[in-house]
Amino acid sequence: MTVPLTLLGLLARGQPTHGYDLKRDYDSHFANGKPLPYGQVYSTLGRLARDGKVVGGDAEPGDGPDRKRYAITDLGRSEVMGWLAQTVEPEPHLQTVLFSKVVLALMLGEDAAGYLDAQRAAHLRRMRELTELKRTGQTVDALLADYGLFHLEADLRWIELTSARLTALAQVVSDDQK
Amino acid sequence: MSEFILEARDVHRAFGQTQALRGASIAVRRGEILSIMGPSGSGKSTLLHCLAGIYTPNQGEVWFDGARVDKLGETKRTELRRDAFGFVFQFGQLVPELTALDNVALPLLLAKQPRRQAYAQAAPWLERLGLEEHGDHRSGELSGGQAQRVALARALVHKPRVLFADEPTGALDTLTGEAVMDLLVTAAREEGTTVVLVTHDARVAAYADREVIVRDGRAITTPSSAVA
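One line per chain: the protein sequences are A and B, in this order.
In this text, residue positions in the first sequence follow our numbering: the first is 1, and each later residue adds one.
In this text, residue positions in the second sequence follow our numbering: the first is 1, and each later residue adds one.
This is chain A alone, in the form it adopts within the complex (with noise of 0.2 Å):
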C-alpha cells in the first residue's frame, strides 16, 4: 500500500526520475534492509501511468530494462499530499507507515511536525475509547484494552523521539538528496 504512494512521494520532489533512481532513493530511505525489486518498481510506475498519477518520457537509448524518466501529474501530486495530511488509524505496528510519513514530508518541505503533532493527538484520542473501555467494562475488556493501550503508548513514544529529533533527522534527509 505505502509503496506507490511512497513512489509518488519521491517524485514529488520535481524532478523526473528514472525508475533505477527511484528504486535507490527508496531502498536508501525506507527499504530497511528489504530492497525494492525493480520488477515491482515498474510495475507500480506501471500503474500510476495508467492511472494518470504519472507520465513517462520517451524511452532513452541505452543498457536496462527501462530507459523512461517518470514525472509526477498534478493528480499524483494530490494524492501524495492528501496522503500526508492524513492521520493514520491508530493500531500496532505502525511504525513503517509513520516513518515514511515523516521522511517523505522532510524530502518535500512539508510541517512533519505539525503531521506528528496530528498523529499524536488521533492516538492519544483512541487511548482516550480504550481507556474509558477499561474504566467501565470487564475485566477482560481492560485486559484487552491494555494490550491496544501499551502499544499505541509505544507509538507514542516514537512520535514524542522522532519530533525531539526532527531538526537532525532534517538535516540528515537534506544531505541524502544532495
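Honestly, the hints are just simulated from the structure, not real lab data.
Hints may be right or wrong, so weigh each one.
Just a sample of chain A residues kept apart from chain B, beta carbon distances all over 10 Å, derived [as the list claims (entries may be wrong)]:
#1 LYS34
#2 SER43
#3 GLY46
#4 ASP51
#5 SER78
#6 TRP83
#7 MET107
#8 ASP111
#9 LEU130
#10 LEU143
#11 THR162
#12 ALA164
#13 ASP175
If you want the ones that stay clear, here's a sample from chain A, every Cβ over 12 Å from chain B, calculated [to be verified]:
#14 GLY14
#15 LYS23
#16 GLY33
#17 PRO35
#18 TYR42
#19 VAL173
Sample of chain A residues facing chain B (criterion: CB under 7 Å; computed from the structure) [said to hold, decoys possible]:
#20 GLN138
#21 ASP141
#22 LEU149
#23 LEU156
Glycine is no exception: its CB is placed at the ideal position from the N, C-alpha and C atoms.
Chain A is already provided as a structure; the job is to place chain B on it using the hints.
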C-alpha cells in the same frame, strides 16, 4: 458567563536566564478534564503554576472565572488557592506528623471551619476513596497509592472549583497509578470539578477529555483537541 473557567493568555515566565514560558495560551472549559503534556523542561508545570496563581507571569494574563489572577496580590492569591483550588502533586504532600484523617481535614481547618464540622466533612472522603481503615495512620504507615488517595481526598474535601494535578501518579506503579486516576476522574465528575492535569505519561493523559501539548514554552492545541 464564559464557557471557560480558566485561561492563560500569552503567558511568559522566566527563571533567571531560563525562559520557561514564551507566550503560552490555553483555555479550560468548566467541568472538563484537561491534560497538559510535554517533554521534561517544556514548561508544562510552570504553566500549571501560573494558572493556579502560584507563580505570577512576567507578561500575559491569567483569568479565573472572569477575573484576572495575575493582578491579585499575594494575600488574595493565597485565599484563592485555599478556597477555590485543590492540588495534588507527585511527592511529599501529606504532613507526616498528622494522621490521614487530620490531613484530609486540614484545608477545612485552615479555612476556619469548626473542628467537629471539618472532621465530619473529611471522614466520608476517606470512605469514598477506600481508606476508611487508614484514618488514624500517619503518612509513613501508608503505601504510595494510599498516600496519594489521601492527598486526593485532601485536595477535594473543600469542593474546589479547579483541581490541579501535577504528575499525580508519577511515583506509583502502573496498576496503583490507574486506580488513583480512576478515583480522581470519578470524584471530579461527581463533584463537577474542573481538572488541569500535567503529565508526561500518555496513559494518564488518556483519562482526560482532551490534551494540550507544551513545547518550548508554548502551548500547541492539535486539531482534535481544539476547543470547539
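Numbers of the earlier hints that this structure fails to satisfy, in rising order: Per hint list: 9, 12, 20 and 21 violated.
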